[in-house]
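Heads up: the sequence lines are chains A and B, in that order. First residue of the first sequence? That's 20 in our numbering, and the numbers climb one at a time after it. First residue of the second sequence? That's 437 in our numbering, and the numbers climb one at a time after it.
No lab work stands behind these hints: they were computed from the structure. On a predicted model such as this, the values are computed, not experimentally measured, just so you know. Glycine included, each C-beta is placed from N, C-alpha and C at the ideal position. Watch out, some of these pointers could steer you wrong.
[Unchecked claim] Using 25 Å as the maximum straight-line C-alpha spacing, the simulated BS3-like pairs for lysine-lysine come out as follows:
| no. | chain 1 | residue 1 | chain 2 | residue 2 |
| --- | --- | --- | --- | --- |
| 1 | B | Lys483 | B | Lys635 |
| 2 | B | Lys446 | A | Lys199 |
| 3 | A | Lys199 | B | Lys442 |
| 4 | B | Lys537 | B | Lys442 |
[Stated by the list, open to error] Partial pick of chain A residues on the chain B-facing surface, computed with a CB cut under 10 Å:
| no. | residue |
| --- | --- |
| 5 | Val150 |
| 6 | Ile155 |
| 7 | Ile229 |
| 8 | Gly232 |
| 9 | Asn241 |
[To be verified] Residues of chain A clear of chain B, computed beta-carbon distances all greater than 10 Å:
| no. | residue |
| --- | --- |
| 10 | Phe40 |
| 11 | Pro85 |
| 12 | Lys96 |
| 13 | Pro99 |
| 14 | Ala104 |
| 15 | Pro153 |
| 16 | Asp200 |
| 17 | Lys225 |
| 18 | Val288 |
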Amino acid sequence: MATKTKSDTPFFGRKQVQENFLQATIFIGLGLLSVLFLLPFLWMVSTSLKPIEETMKMPPTFIPRPAHWRNYLDAVKAIPFFLYASNTVIVCVLGAAGTMVSSAMVAYGFAFLRWPGRNVFFWLTVSTMMVPFPVIMVPLYSVFRSLGMIGTLMPLWLPAWFGSAWNIFLMRQFFLGIPKDLLDAARIDGCTEWQIFWRVVLPLAKPVLIVVGLFHVIWAWNDFLGPLLYLTRQETYTLSLGLQFFQSQQGGTEWHLLMAASSLVILPVLILFLFGQRALIRGITMTGFKM
Amino acid sequence: MKGIMKDEMKWTGVFVSPWVVGFGVFLAFPVVASLFYSFCDYSVLSKPVWIGFGNYVDLMDDDVFWISLKNTFVFALFALPLGMITSLGLAALLHACALGKSTFRAIFFLPSLVPVVANAIVWIWMFNGEYGLLNYGLSMVGQQGPNWLQDPRWAMSALVFMGLWGVGQSIVIFLASFQEVPVEMYEAAELDGASLWQKFWRVTIPLISPVIFFQFITGIIGVLQVFAMPYIMTAGGPARATLFYSMYLYDNAFRYLKMGYACAMAWILFMIILVLTWTAVTVSKKYVHYQGQ
Chain A
20 MATKTKSDTP FFGRKQVQEN FLQATIFIGL GLLSVLFLLP FLWMVSTSLK PIEETMKMPP
80 TFIPRPAHWR NYLDAVKAIP FFLYASNTVI VCVLGAAGTM VSSAMVAYGF AFLRWPGRNV
140 FFWLTVSTMM VPFPVIMVPL YSVFRSLGMI GTLMPLWLPA WFGSAWNIFL MRQFFLGIPK
200 DLLDAARIDG CTEWQIFWRV VLPLAKPVLI VVGLFHVIWA WNDFLGPLLY LTRQETYTLS
260 LGLQFFQSQQ GGTEWHLLMA ASSLVILPVL ILFLFGQRAL IRGITMTGFK M
Chain B
437 MKGIMKDEMK WTGVFVSPWV VGFGVFLAFP VVASLFYSFC DYSVLSKPVW IGFGNYVDLM
497 DDDVFWISLK NTFVFALFAL PLGMITSLGL AALLHACALG KSTFRAIFFL PSLVPVVANA
557 IVWIWMFNGE YGLLNYGLSM VGQQGPNWLQ DPRWAMSALV FMGLWGVGQS IVIFLASFQE
617 VPVEMYEAAE LDGASLWQKF WRVTIPLISP VIFFQFITGI IGVLQVFAMP YIMTAGGPAR
677 ATLFYSMYLY DNAFRYLKMG YACAMAWILF MIILVLTWTA VTVSKKYVHY QGQ
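Construct the entire structure; sequences and hints are all you get.
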């Protein structure tokens, strides 16, 4: 660019200056907007480190001195945090494992096996993605009620073991990109379909498996409506439900503890984000879909 | 040959059966049952009793139903276009940015992953009338901010505003779609003397219109189902100013145990979504540009 402007324009470097000016403006603009986007986080962390009197001070302090790290200890004790956290981890891990295995199996069936009615069933599967959750909410509750699962964590992770339309669709699309010759070669070598699935297809599908698993974990960690519907006893609450329960119980006075608890609930998502940002972004662009 | 076919059927059974069960039990049955219940008097505790169009007729006379529908539409009407414009604009800035692009993208993206409960609680605190950061900011420029979430005139605007915090995923999608636009298109436009502005409106936007359209459709489906955020932040108040459709549906089903009534509401919502989607698809045929057509 620089060399071009030198020789092409009589006004030496003018275009370059214009471009630098534009870049600086964009950089400053994005910088200011980033601060706006980060403000709620900073405000949350700041409040979480204040003693209660300081949360009600105007004008507010932004960097509390000394920082009240004790709030985190109090927050963890105010709600049975580790019980809720372990419930949430159970739901996340069992659900993610279930949807990865089952959706990959079903996607294999749709992508590589020939059977009558395959296309009709696939079309049906895809079209159910349009159905809004409220439509199936009530009957789903009755199903779990007749299975005796209301009040347990099972309704939150068990369905994941039977595939999910969106993940099946995503994996099938990925599988169709795998060369058929690879599978045929394995068949000639005498592999069964299960061996092909397990040893040939799954290792190649690692990128899409990671995306599906990661999104399920974040989705299950964040889910509020599911726990609200199915969890009736406090000892089975997930973090989302427990945090909301804490907030509604104490009626919005202990903001320092609420902010500390919120920070702790966000922290694992932040860690997953830092390590899995590439996969998350790939997943979102792959789908063009919202979670 | 027949043996191979039989073998393939056997394996189909192995691979697809989880989904046959999952599809049947967790999707197909609930959809059909929900339609059936919507014509019934049903509280999960006793057997459903057929009452024909009774629930639908009652809904037409239910003022709260209309309030919740109106609120949801008002929210959608502002939140969806504002969200799309914001994310398109931010994605365009990011696309043009040469320095620190991935850091900025990460910062915009992160809030969309925050659990809705934590998100709601942080924003209740942000919107706090006395000690909230927002009103402190307003006081710095000499304005007295309202008590956002407790004020019927402002509660809805507050929810729309905080929704903008979660546009990160659309930003990522739009940014990715900008990168798909072939460079030759811009070079051709430059030869014709197009300015930056013209290149954006005449080249970029038409070429990514399928993505915009898809975001719009999924946006409609999502925004009409908003539940957790108002449920936690305002519980529908003050004076039902933020009572959303899904909240009233949930209340009917699980607080008043009018499950048939709730199913009727759900099917009305489904029909609204289908009609809106169908309309959008029809209208879009004129404006959305698909490659190779």
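Exercise. Tell me, which hint numbers fail for this structure?
Worked result: Structure breaks hints 1, 4, 7, 8, 15, 18.
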